Amino acid sequence: GAVVSQHPSWVICKSGTSVKIECRSLDFQATTMFWYRQFPKQSLMLMATSNEGSKATYEQGVEKDKFLINHASLTLSTLTVTSAHPEDSSFYICSASLGLADTDTQYFGPGTRLTVL
Amino acid sequence: GENVGLHLPTLSVQEGDNSIINCAYSNSASDYFIWYKQESGKGPQFIIDIRSNMDKRQGQRVTVLLNKTVKHLSLQIAATQPGDSAVYFCAESGANTGNQFYFGTGTSLTVIP
Chain A
653 GAVVSQHPSW VICKSGTSVK IECRSLDFQA TTMFWYRQFP KQSLMLMATS
703 NEGSKATYEQ GVEKDKFLIN HASLTLSTLT VTSAHPEDSS FYICSASLGL
753 ADTDTQYFGP GTRLTVL
Chain B
2 GENVGLHLPT LSVQEGDNSI INCAYSNSAS DYFIWYKQES GKGPQFIIDI
52 RSNMDKRQGQ RVTVLLNKTV KHLSLQIAAT QPGDSAVYFC AESGANTGNQ
102 FYFGTGTSLT VIP
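Same order as they appear, the protein sequences are chains A and B.
Position 57 of the first sequence, counted from 1, bears residue number 709 in the numbering used here, the numbering being contiguous throughout.
Position 105 of the second sequence, counted from 1, bears residue number 106 in the numbering used here, the numbering being contiguous throughout.
One chain only, chain A, in its complex shape (with noise of 0.2 Å):
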């Protein structure tokens, strides 16, 4: 089945720096993929989508450039955390889409877990 990876699985790091966490899709080609919050024992979030080669569209209340989304490839996206501070840890989740339609299941990734101090 479509199998999507992230890397890293859990990242601490010191308030003030940027933290990169990527997401790949390894045996497919995702259209559109998708960056999830979600804080412990709640639901996802959907923080923004990304669609390859595009810019990425931002739910309502994401600052855009403090959660930097880049989808340079059909398997590779990457979420920056720009200037981390304490609330923002958190897990972090990607999923990817092979297709456009509303009806095309996301694949998750394993999730990333940032603590920052």
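Simulated from the structure, these hints should not be mistaken for lab results.
Be aware that a few hints might be false.
Calculated lysine-lysine pairs in the DSS-like style (CA-CA distance at most 30 Å, straight line) [said to hold, decoys possible]:
1) B/72 - A/666
2) B/72 - A/693
3) A/707 - A/672
No experiment lies behind these values; they were computed from the predicted model shown.
Chain B: place on chain A using the hints.
Here is chain B on its own, set in the frame of chain A:
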């Protein structure tokens, strides 16, 4: 967006019993729904999906029921096993959400051996 950031409700069931997990959605234009299972520290895994032209869909040990009138979705797990312990989310999508999925609150299922 349609995200809900509430704390998870919990459900405990005895091993071997059937489990029913419920989900209410808010967007009447949603026409495609997926149930995901998320184990601790992992990403969500697809369980089963249903389109709005169906009321019921069955998989292996799982059944999804859709009631569009009251915008309600349920996931039934037959003969629940310890490996079913996880958080379960429903996700909705529709023509007016593009290709994005929005997740419900989620339910934490604990199976008691």
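Which numbered hints fail: Of the numbered hints, just 1 does not hold.
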